[in-house]
Structure formats: C-alpha cells, structure tokens
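These protein sequences, in sequence, are chains A and B.
In this text, residue positions in the first sequence follow this note's numbering: the first is 1, and each later residue adds one.
In this text, residue positions in the second sequence follow this note's numbering: the first is 1, and each later residue adds one.
Because the hints were derived from the structure by calculation, they are not lab data.
Since we're looking at a predicted model, the values are computed, not measured.
Any given hint could be a false lead.
Identical copies carry no separate label here, and so any pair may be met within one copy or between two of them.
Taking lysine-lysine and the DSSO-like style, the derived pairs with C-alpha atoms no more than 30 Å apart in a straight line are [what the hints assert, rightly or not]:
(1) 67 to 49
(2) 49 to 259
(3) 302 to 264
(4) 315 to 136
There are 2 protein chains.
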Amino acid sequence: MNVSKKAASIVPYTAGEQAEGYIKLNTNENPYPPSPRAAEALRGFDVDKLRLYPSPDSAGLRAAIAKAEGVDADNIFVGNGSDEVLALAFAALFDADEPIEFADVTYSFYPVFARLFDIPYNTVPLNDDFSLPFDKFNFYNGAVIANPNAPTSLSVPVDALRAAAERSRKALIVDEAYIDFADRTESAVRLTSEYDTLAVVKTFSKSYGLAGIRCGYMIAGRKIIDAMRAIKDSFNSYPVDRVCEAVCAAAVSDREYLKDKIQKVKNTRSRVISELRARGVAVFDSDANFIFMEGDKSLYEKFKSQNILVRHFDKPRISDKLRVSVGTDAQMDEFLRVFDKIR
Amino acid sequence: MNVSKKAASIVPYTAGEQAEGYIKLNTNENPYPPSPRAAEALRGFDVDKLRLYPSPDSAGLRAAIAKAEGVDADNIFVGNGSDEVLALAFAALFDADEPIEFADVTYSFYPVFARLFDIPYNTVPLNDDFSLPFDKFNFYNGAVIANPNAPTSLSVPVDALRAAAERSRKALIVDEAYIDFADRTESAVRLTSEYDTLAVVKTFSKSYGLAGIRCGYMIAGRKIIDAMRAIKDSFNSYPVDRVCEAVCAAAVSDREYLKDKIQKVKNTRSRVISELRARGVAVFDSDANFIFMEGDKSLYEKFKSQNILVRHFDKPRISDKLRVSVGTDAQMDEFLRVFDKIR
Chain A
1 MNVSKKAASI VPYTAGEQAE GYIKLNTNEN PYPPSPRAAE ALRGFDVDKL RLYPSPDSAG
61 LRAAIAKAEG VDADNIFVGN GSDEVLALAF AALFDADEPI EFADVTYSFY PVFARLFDIP
121 YNTVPLNDDF SLPFDKFNFY NGAVIANPNA PTSLSVPVDA LRAAAERSRK ALIVDEAYID
181 FADRTESAVR LTSEYDTLAV VKTFSKSYGL AGIRCGYMIA GRKIIDAMRA IKDSFNSYPV
241 DRVCEAVCAA AVSDREYLKD KIQKVKNTRS RVISELRARG VAVFDSDANF IFMEGDKSLY
301 EKFKSQNILV RHFDKPRISD KLRVSVGTDA QMDEFLRVFD KIR
Chain B
1 MNVSKKAASI VPYTAGEQAE GYIKLNTNEN PYPPSPRAAE ALRGFDVDKL RLYPSPDSAG
61 LRAAIAKAEG VDADNIFVGN GSDEVLALAF AALFDADEPI EFADVTYSFY PVFARLFDIP
121 YNTVPLNDDF SLPFDKFNFY NGAVIANPNA PTSLSVPVDA LRAAAERSRK ALIVDEAYID
181 FADRTESAVR LTSEYDTLAV VKTFSKSYGL AGIRCGYMIA GRKIIDAMRA IKDSFNSYPV
241 DRVCEAVCAA AVSDREYLKD KIQKVKNTRS RVISELRARG VAVFDSDANF IFMEGDKSLY
301 EKFKSQNILV RHFDKPRISD KLRVSVGTDA QMDEFLRVFD KIR
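For reference, chain A alone in the conformation it holds in the complex (with noise of 0.2 Å):
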C-alpha cells in the first residue's frame, strides 16, 4: 500500500459546502465584509514583501491581538485558522495513554483531530435539552468545550468553565469560535491568567468576517504556548503568512466595527427566532452567529431547492435538526419566506 494506514482507516471531518450562486446560511460566515481597516491593509500592502518569509511566531499579529484582548502578547499563539489552532493544541497539549473528553453534540472535528494523533477520548452525553452536563465530565485528564456549542448554539456559564479548570490537570480547552455573538456568558480568557491548565482559542473567521484569510488564536499561561510553538515549529515555521498578518492586525484593531456588526447580527439573530417561534418552530435559545431548529433531512433539500443553503448533520440525536448561519436581514427574510412555502 503507498499510502499510510491512518489515511486509508481515518473518516475526515466534513466542512460545508462551498457552493456558488446560493444564499449561504451552511457555513456560520458573516454576511457583512471585513472592517475598511482590513480592506486598506490589504490595498497598501507592499508585493515586494511577499519574497520574504513571514514572522515565524506573528510577532505583529499578536501585539495587536494582546492589546485587543487586554493580554500579553507571550500569552498568545497564532495559527492558520483556529482549526489549525486545535490540531496543533491536541498534539501539544494531550497524551495517548489517558482519554480526554468533550461532548457528545459538538463541534465535530474534535474526534477527528483526536484519531490523527491518536489521541483516546470518551465522549459525554449532552443533557437531553442539550445543555452541558458539567457533573458528568471528569475533566482530570483534558477536555474540549465549545462556548458557546455547536451546532446546538447553547452557552455555558464562565463560572461552569472556572469549576472544570479547578478540576483539570491536563488542559482544558475553550473553544470560543462564537462567544463574540454570546448574550447569555462571556469569555474565558481573563480566567486564563488564573488557571495554567485553561487554554481559550478564538477565530476571525465569525464575528470579524475573514474566514477567508485563515487565521486563529489561543491564549494561555506560558507553558501551555511554549507547548504550542514547540509543536508548531515541529509542522511548519510560518503557518500564518503576512498578508493575513497584515489585514488581521487591522481587523483586530477595529473594536467599533466589530461591535456594530456583532449587533447587526444578533439583532436579525432575535427576530428570525421569533419569527420562527411565533409560527410554533422549536428553536434553541442562540448565543452564535446561527440558530439550532427543529427540521430534517427533507427540509434541508427543499431549502436548498430553493436556492438556500443551510447545515444539516447525519448524526444521531441531531438528524432532526438544522444549523442555520444569521444572515443580513434580506436573506433571512427571503429564508422565512422560503420556509413558509416548503414546510
């Protein structure tokens, strides 16, 4: 066999479709641009440079993320998106001969970056109203939480996540993909100065708009970073490259515009839930960028007849269940237009 035995047993995770020519609601993308901040680094940006490795450690980069976040810059790894961030942090941060948990409705790419580095995990069953059932972790030998969820869009409480640190003697890793949508918690990050087990990672690819540019971090106690440059140095010098260094130390620096769209986002979030309730669908209190509501397999393909992409997973308890990314007001209204005719 020419190829290895891991790549002809492993079951890769399965992004969503990038489909053209549809209203894109699969994917939890932002439907608003990146901040002009962004747009004029990527105008001013001098080709020249490109002939020069990039900063291998994203010196720039993480300057501006410290300073955006309140953090030292030690306390920061930069990767090629924040999947690339939770690869590297389950070869530098978990060992293969204890299991680490996380549960069982969640973000799945955890299992799978697991299998690539052999890691052993159990997973835990959600409560059966899908809220985190913090008493049935163990969190001794390492844990993966996603705050909030996906794709249930539920939330933790940070004093939940500060218990399980207590507890944690391997690390605990907090993946915040979404928590700039959160209403209901709030970031783990200030608690990462506290506990030298906690390790928060966060994207630009949701509330900032650039999952195109790839680009996402971790912070935590030195040790934990130390850990993660060494593995990075052990996968490839300079994973992030410096256009996206570039227009993510832009974005990052631009707190008004974040914020604005972050509302913009959470307000159209609010009123297509109530929109969807008012007509009796069963919809998940949201703190994400998308909404969890009942619908199957069936209503997925009629959506997508219609031109209108949304996330349906083929996976027990969540079958009948769809992910639905919170677009610009005139594509959830064409979403609830098109939901009235097909339902």
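Start from chain A and add chain B according to the hints.
Showing chain B alone in chain A's frame:
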C-alpha cells in the same frame, strides 16, 4: 503536566533568523519580487470575499498549477507552504511500523516531521563528497530525497530517482524546492504518472519569490493525493487562504517572468562560485539558489557583524561549511567584498 509528553520532548526545526537590517542570505529567499501578475492579483482582490471560507481543495489554484506543470488538477495537492505539504505527507504516506529513509545531511525538518507523527527513520550517510549513495538506500519502506539537496546544493539525475521508484513499495517523496535552479538534473514530475509511489513536492517560496504567502504543492497519483486530502481534512479544512490562492494562481501563469528571474539567479550563482574558487575557496557545484562553501561558525559570525546573514548549521559533517543564498549582483558583490575583508 499541562502539556503533552511529545511537546515537552520534541526538538523542533529551527528556521533561519528573520532579522531586519541585514543583507539576508540565510533562508534562500528570492532576491527578486514576485511576478507583476501576483501584484495585480493582490491589488485587484475583492476584500469583501474574505468573509467567505476559501475553496477547501484550492480548485482554482490547482487548475492554474496543472496548466503550468502539464498534469491533471486531480494529481495536485496544495498546502500552506511545502513544509505543511511535507508534514501532512509524513502522516498520509508513512506508517509507524517500519523505518523510512533519508540522508544524514539533508533538510533537517525531515526527522522532526517523523518524530511528530511517530514515524521511525534511518539516516543514510552521504558519501564523503556529499553525493547520494543510492546503493545504500533500501527504498522499500518509504524515503524522502531532496533534489537538489539542501544544504549541499547537489542534485541527483532523474534516472536514479526512477530506479529508486522501481524499488519503492511505500511512498518515495522527492522534495523539489530548488529544482527550478538546477542545470544538472530535471524535475521528476513526469515520472509521477508512471509510478504510483512517487510524490513530488514543490514550493512557491523560492523560484516564484513568494515565501511570504506560504504555498506549496504535491504532484502524485490519485491514491496518494486522496490520502493527502484525507489527512488534510483531518487537520484543517482550508489550509490555503483566498488571497494566497489568487496570488499564486497569477504567479504560476507567468512563465516568462519566472524563467527570467531564475536565469538571473543562476548567472549570479555562476559568477559568485567562480569568484570564490578564484580565491581558493572550496565551493560545491550548485543546482540550487544557494551555494555551499567552506566556512565555519566564526566566519558566519564575522559576516553577521558586517550586516550579512548567512546560514551555519551546528551539525555533524557540516559545521565547517556555510550555506549562502544567492542574492542580487549588488548583494553578492558586497558579500565578496566583506569576505575579502574578514576571511
């Protein structure tokens, strides 16, 4: 311990310094900027598109590379620099149960990739003249050959690679980062349609002058490409960002510019090698965009004190040699002037 045993024990690859204010001849970057078409692609890029994820399999860029390489797009895998492509290849193509092979003096990232993915390896000693001893390789269980080799700058004929492929049961990776600068050998790409064990890896970092955008690719048979995709999709769904895809697709289309800049580097290389040999300095024949010459750590330090960065490796067999990237004629004149002063 809050980090993994692997992170605590692995010795990462050390990339060349990215210091500013020096004549940088230490990381084999191109002294010339990328094609004007790359600049145009960057300037014309619609920043609003960055809110959307990129093509997961870099379809547009693969089509552009396919045209330039004269292969089918389905035989191409694209990644975030050839380092990422190589790292993923170790996981996709090699197993933990049998040792792979590479030279004792070659790209020092190979043993690090192997340790990251728990692939055992044997290093095969180069001959005394640093030529590759093909008869001492087994090739049966997988191997990695850099052609031209770094840091030696020497190459092997493509017929030797064909003979090696004949013997391979697992993958034979040919790392052609420097192939565009070779006079004494040629690319093994055309052999990939004959041998389903052969995987050729190339980069945009050297001949294209795009080290700062992070892009590399593999050309191989479908089974190997499928394995690469399976591992990539278990690590990061979208390793190549939208700007990178647009810039590299534009650059790869400009064959005239590429040819011209390669010729300029080769001309400068010939001149510098002649000048050094005229001074009685031992320099290897070079098929790369760098030269490998006698010179120890103290010479490296003297160059640095004169604002010229070259590369010295504190490693067995090569600690009495320096690797010097070929810069512009003006940079190499300064290199020679300083050399005459400090030697």
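Can you give me the call for residue 67 and residue 49, within, between, both or neither, at a CA distance of at most 30 Å?
both (25 Å within a copy, 27 Å between copies)
Should residue 302 paired with residue 264 be assigned to within, between, both, or neither, using CA atoms and 30 Å as the limit?
within (28 Å within a copy, 59 Å between copies)
Within, between, both or neither: residue 49, residue 259 at alpha-carbon 30 Å:
between (32 Å within a copy, 20 Å between copies)
Is it within, between, both, or neither for residue 315 and residue 136, if the alpha carbons may be no more than 30 Å apart?
within (22 Å within a copy, 51 Å between copies)
The structure fails none of the hints (numbered hints given earlier).
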